[in-house]
Amino acid sequence: MNSAFPCHQQKRSVTRRDFLWELGGGLGGVALAAMTNDAHAATNPLAAKAVHHPAKAKAVIKIFCPGGLSHVDSWDYKPELAKRQGKPFDTDGKVQFFASKPGNCQGSYWPFRQHGQCGRWMSDLFPKLAQRVDEIAFIHSMQSKSALHGPAMFMANSGFILPGFPSMGAWVTYGLGSVSEELPAFVVLPDPRGLPPGGVINWGAGFLPAIHQGTTLNTDPEKPPIADLFPHKDFAHLRGASEQSSRDFLQTLNRAHAAERAGNTELEARIAAYELAARLQLSAPEATDLRGESDATKKLYSLEHEDIGPFGRQCLLARRLVERGTRFVQIYCGAENTTAKKIRPNWDSHEDIVRDHGYWGPILDTGAAALLADLKSRGLLDSTLVICTSEFGRQPAAQGKGRDHNPGAFTAWMAGGGTKGGVSFGETDELGFKAAADPAYCYDLHATALHLLGLNHEKLSFYNNGVQRRLTDVHGHVIKGILA
Amino acid sequence: MKIVIAAASLPLFGAQVCAADFNRDIRPLLQKHCVECHGEKKQKGELRLDAKVHAFKGGHDGPAIVAGNVDASPLFQRITSTDDDERMPPEGEPLSAAQIALIKKWIEGGAVWPENDADKAATMDKRWQHWSVQAVKAASALAEPLGLKPELLSIDTFINASLSAKGFAMSPEADRRTLIRRLSFDLIGLPPAPERVERFVRDNDPQAYGKLVDELLASPHYGERWARHWLDIAHYADTHGFERDQLRPNAWHYRDYVIDSLNADKPYDRFIREQIAGDVFASDDAQSVIATGFLAAGPWDFVGNVETQSDMLKRAARAGDLDDMVTQLITSTMGITINCARCHDHKLDPITQQEYYSLWSVFAGVKRGEREVSAAESRRLADEKERLGKELAQTRTQIARLAGEGLELAKLIPGDSGIDMRTGAITKAKQDYHRDIPANKNVSVPSVPSVLSVFVPNGPAPIPATSGHFWDTIANRPLNSQRSTKLGDTDFAAKGHTTLAMHANSGVVLDLAKLREQTGGAAMRLTGLVGFGAAKEAADTRADFTVFVDAELKFQKLKLRKDETAALDIEVPATAKTLTLIATDGGDGISHDLLFIGDPKLIPSVAETRLTQADAAELKKLHAAAQKLEGEIKALPAPAKVYAIVSEAKPPVIKVQRRGNPEDEGAEVVPAAFTWAKHAPVALGDNAAPEGQRRRALTEWITHPDNPLTRRVLVNRLWHHHFGQGLVTTPSDFGLGGDKPSHPELLDWLAGEFLRGGWSLKHMHKLIVTSAAYRQQSGFGSSRNNAAKAATTVDSANRLLWRQNPRRLDAESLRDAVLAVSGKLNLERGGPGFRDFTYTEAYAPIYDYITPDKPELWRRSIYRFIVRTTPHQFMSTLDCPDPANLTPARVNTITALQALTLSNNDFMLQQARHLVTRLETETNSREAAIRRAFALALQRDATVAELQAAMPLVAEQGLFALCRMLINANEFIYLD
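In order, the protein sequence lines correspond to chains W and V.
Here the working numbering is used: position 282 in the first sequence is 302, and no number is missing along the way.
Here the working numbering is used: position 255 in the second sequence is 305, and no number is missing along the way.
In isolation and in its complexed conformation, chain W is listed as follows (with noise of 0.2 Å):
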């Protein structure tokens, strides 16, 4: 064990080693240490698991667009709502949408274009992703049991409008485990702007043991990655060796308590849990630490833009987390809501799309285009699945100059991770309203997505109050047509 750390003094490990001698009686003391790492294993919950069947992706890469991206000005080509432009939508006025009533027909803001093998038509609000629509499968019939953004989102994640679900990267690390012991299995990396709607929530473990919710990482270079990786600024002392020999002093209290109750395997993984706290402390700095990376890929990920940069950060830190082995890294492009006049801190463009997907547009393209690029390069897209998706789309009828939320229709691409480029699966009726061919919900994309990692979707479950709790409630079915 002790190989794991670099600064670990040799002197400080006999110390310790001889006074477990005396303090856990002779050799059953070491005997013991030596089990510790055994007994971890069997308790540890994280422990990487067996699949229902060979995976395709080891990781996901989950990038989530809150407040409803509107799929009819950009994934979504609607000919037929451009013809009706400024004619009414809904001739009966029966029609209420979340706060608004329909205005006429909106085509899309920015123009629709063919694009790649595939000739697949993107608009141009999208043109770097565009240029990789070979590499992508959509989902056009996507549906959500809400139009409002907490409900909504909380489906989205969990595949419930409640709160108190296990979101999809909690399932996913319940389900599989993890591949590193040096990094958290489950990492979310939250607009620098702030939470998203529903908050962290949103990537909690529900009823799930503790251990398998998401662990929030510190985009902000100035600030330490995880909370409580390092005690605050005024205990700056706390450092170096004088942590170790703290931490051998509470091992060892630690060990001696352990020798005189045998067979409680929760005091091994406690002790064995500070020491993987001591690894944590090493390598999630280097795991977030930008400045390895080339000029070259900073620049592919626009870093220095003020707009676009921290979003481009998020993407290359995910990037970096599922090349040392997190298993499931959402990012979110986009914070929580507002009503102030001024662009909005999310997707959310009711009274202005044109400024307000014009100010995001760029900033998810950027990104995830550098991103799937990035992945590709390093011959990492193959094993690592990446979805994008909001929580809900947007009306094809206007709402003054913006759209308001439809639950009935929006678009979540897939790429990677053993899925198919340059396909779609679904249709929205010709304008973009309602899912007209193959409705699809979460459950489809999660029970896919799950697949992909080698889980069977109906097979994931835990007993919660009365129920086998899944991710995908009592739906759910692979979309076999996008997968390579």
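Source of the hints: derived by calculation from the structure; they are not laboratory data.
None of these values were measured; they are calculated from a predicted model.
A virtual CB, placed ideally from N, CA and C, is assigned to each residue, including glycine.
Please note that the accuracy of each hint is not assured.
No farther apart than 20 Å at their CA atoms in a straight line, the calculated lysine to aspartate or glutamate pairs in the EDC-like style are these [stated by the list, open to error]: (1) W:K121 <-> V:D361; (2) W:K121 <-> W:E280; (3) V:K397 <-> W:D493; (4) W:K243 <-> V:D956; (5) W:K253 <-> V:D898; (6) V:K839 <-> W:D493; (7) W:K454 <-> V:E713; (8) V:K839 <-> W:E286; (9) W:K165 <-> V:E715; (10) W:K362 <-> W:D372; (11) V:K609 <-> V:E587; (12) V:K102 <-> V:E201; (13) W:K319 <-> W:D309; (14) V:K904 <-> V:E862; (15) W:K362 <-> V:E891; (16) W:K165 <-> V:E862.
Covered, in the sense of this in silico footprint (three residues per stretch, anywhere, with C-beta under 8 Å from a C-beta of chain W), are these stretches of chain V [to be verified]: (17) 857-870; (18) 876-889; (19) 946-952.
For this one, chain W is given, so just place chain V on it according to the hints.
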């Protein structure tokens, strides 16, 4: 079903067959070839052939057998079909000709099927025999198989009986240090002080343990500890949750209610009744109203319930609301997962979808919301305020009379209010445009005796002609939209000043005789300053001000500009009867005509310059009295509010929602409970029943002494918290999907004791913690104890309780214990929760956690203000559950992040520093400090080896390193 070939056409039916006997010939055939797919386990085509009733009832194609008619009997058609897809049995060889002939004969002979026991058993739904819905067994019935008298039964009787049946025995009793530590954390959630440990360890009194139990149960910290368990299953928090996670600043009353109820050992049946329908039983009792905070404790979506424009979304949000309420109530009290019947009949338990929605209709008139804690108290406060206000007015009048200070006209209108020009009523509400008040029509103002009337003026001269419109009210506060209260350099909203706002067009007639009673003067002067309260940047506007004494025009300023003022100083003769003030619009409409008078006063003309000594003394007294009254009015609290339930008397009718979809409604339901628990009738009224009556009926049904679930569920919860594991390991699921009790007889005995003890929780605690089972060691046993060794392999989960279970402190106990050890624990009880975050108001408020090192944040964790969307990172890392969930049992994890948090979190480091200070104060040598640190944190002295290890650590790095590591130690965090 398609029959391909008519069986009767087959030649073999010519064969002679003897009469068929069902039990000899037919039943074995059915058993062998049919029942696998058409029996108890599987019912393909919804058909069962294992019992008479089912067979003749048939499947989804109708009856399978028609006596006397093989052609009409699908069973016969299917076994004789030549179509491979049709013929039964589907696999293996078809039935032989002889077998088919037997069946033909049997059907033709009338299909006689004598019923045996198996037939009868198969007709019964075994789910109704489920253990948890059977009546609780009486002590006599439990004692008999053990050959004991009922009064000799105890917890240990049952535990020992099941242990010895397996050849095991209980572990020995734990030592006293272990016991007091275990008991303290269990009952009050805090570690015992080293001195108390010492006293207990040395106590020779054989009753020492029992006395300790009594002491802890009597501690107010008991309620603080056990409230946490109840709030976990009520999923209580101090914000709404969902997208706009707003504050519930008054939710804490309910948390305190739970603490106080537990401390008072309120009988559990009453505790439940109050929480469901306290407002119905005792609407004027504050605690009973607060109790209903239980029904509102869970999350609630403001956007879906209120903000959205879409009715469909509102229906969906309301459905979620009712589901949450009903689920919380039934899982917490009866341990039935009722929510599983929302979209379809319960898959495991015999509870129908209709029954689920019948429970909705009990709460159909109930919504979450703020309400006054006590209507009586609110009335009392309002009365008190009015009384004090009157007294103050009288005192001021007396002062005015004596001192000749004059009467402030603005104060004629009570409170911060105005006179409604349409009705003459006093109103606090700000109003806006009035275009339809008849002009020059006097409206009397009965509630202010000195004001005769108000009116909207419009000519005749010398009163100017006007638009006849009016804005807001005549008020003693700034008008609606008034931007400024300054005239010249004086801000008339400041202390010591008054304003009387008279937007154009308004007039008021004052009764001088009544006013003289108050001022004591005969001849008087009207003084004040008239001007505009409009914003500087508002458009130019003009207005007029006119004063009459009786019918005589005494003052008129026409076309007053927005930036002008006009001073009033008008003689009011002793004989005059009325004083009339009139504001008019200057001929350019009423826009921005925000006229007001600063400091309008009626001053007695003859200044009383020389007060007698007695008057001077009296005046001093009056001033003091006025000041006191002002203080008292200010000190009157706003009526207390609680986040609980608000109800409407006539609730909407609830309909079944197909597949749980609010847009797809089915049959109407009426308020009712579910029939699976059969202790009392389930009807709770009809759809005309008043809202409160429904809840009242439900609470009687739940707390009925014969309810088989309520008592069992509760005693099992207590057991769970005392042993770390319930007799039933799924404390909120006593249905078919839940666990079976490890000791069903013990569970029933405890449920019986609970009733005998008058539903007293403390009685049950004492029974449990004084048992030998509770007091056992928690170790896995040494080689000396072979039985224990065997038990580790046979019963490693310790269901038989051959030892106590070691437990990790939960997040709250751990935090509280750190504070107790550092000496900083702030024991202030009750009241609003402490906020360890900064709060930023926003569409979705922002909660940023902070760790300031100050006493209000050193309170016990039960008093934390709990935010739903933003859980406290320190707490949730230590497995504090998400309050969106109903949490009957905490899950414990062990993670590297926990190790980091406990080592490095500001709170831990600050408290380690406080512990250092404490040690430095309480001891005077390094060794003494180390030993004291062990005693405080671990309730024991340091061993020689530990001292040897700690001395160099402390020498090198100071006491801080030792303190920090002790509150990270396994021994600190685990209970034996």
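Hints and how they fare:
1. W:K121 <-> V:D361: holds (12 Å)
2. W:K121 <-> W:E280: Not satisfied, since the Cα-Cα distance of roughly 71 Å exceeds 20 Å.
3. V:K397 <-> W:D493: holds (14 Å)
4. W:K243 <-> V:D956: holds (15 Å)
5. W:K253 <-> V:D898: holds (19 Å)
6. V:K839 <-> W:D493: violated (43 Å)
7. W:K454 <-> V:E713: holds (17 Å)
8. V:K839 <-> W:E286: holds (19 Å)
9. W:K165 <-> V:E715: At roughly 17 Å apart (the allowed maximum being 20 Å), E715 (chain V) and K165 (chain W) satisfy the hint.
10. W:K362 <-> W:D372: The given pair, whose Cα atoms are some 10 Å apart, holds under the 20 Å limit.
11. V:K609 <-> V:E587: holds (19 Å)
12. V:K102 <-> V:E201: Violated: K102 (chain V) and E201 (chain V) sit about 47 Å apart, past 20 Å.
13. W:K319 <-> W:D309: holds (16 Å)
14. V:K904 <-> V:E862: Given that 20 Å is the threshold and the Cα spacing comes to 18 Å, the pair holds.
15. W:K362 <-> V:E891: Satisfied, since the Cα-Cα distance of roughly 17 Å is no more than 20 Å.
16. W:K165 <-> V:E862: Violated. K165 (chain W) to E862 (chain V) sits at ~36 Å, over the 20 Å cutoff.
17. 857-870: violated (count 1)
18. 876-889: violated (count 0)
19. 946-952: holds (count 6)
The structure shown violates the earlier hints numbered 2, 6, 12, 16, 17, 18.
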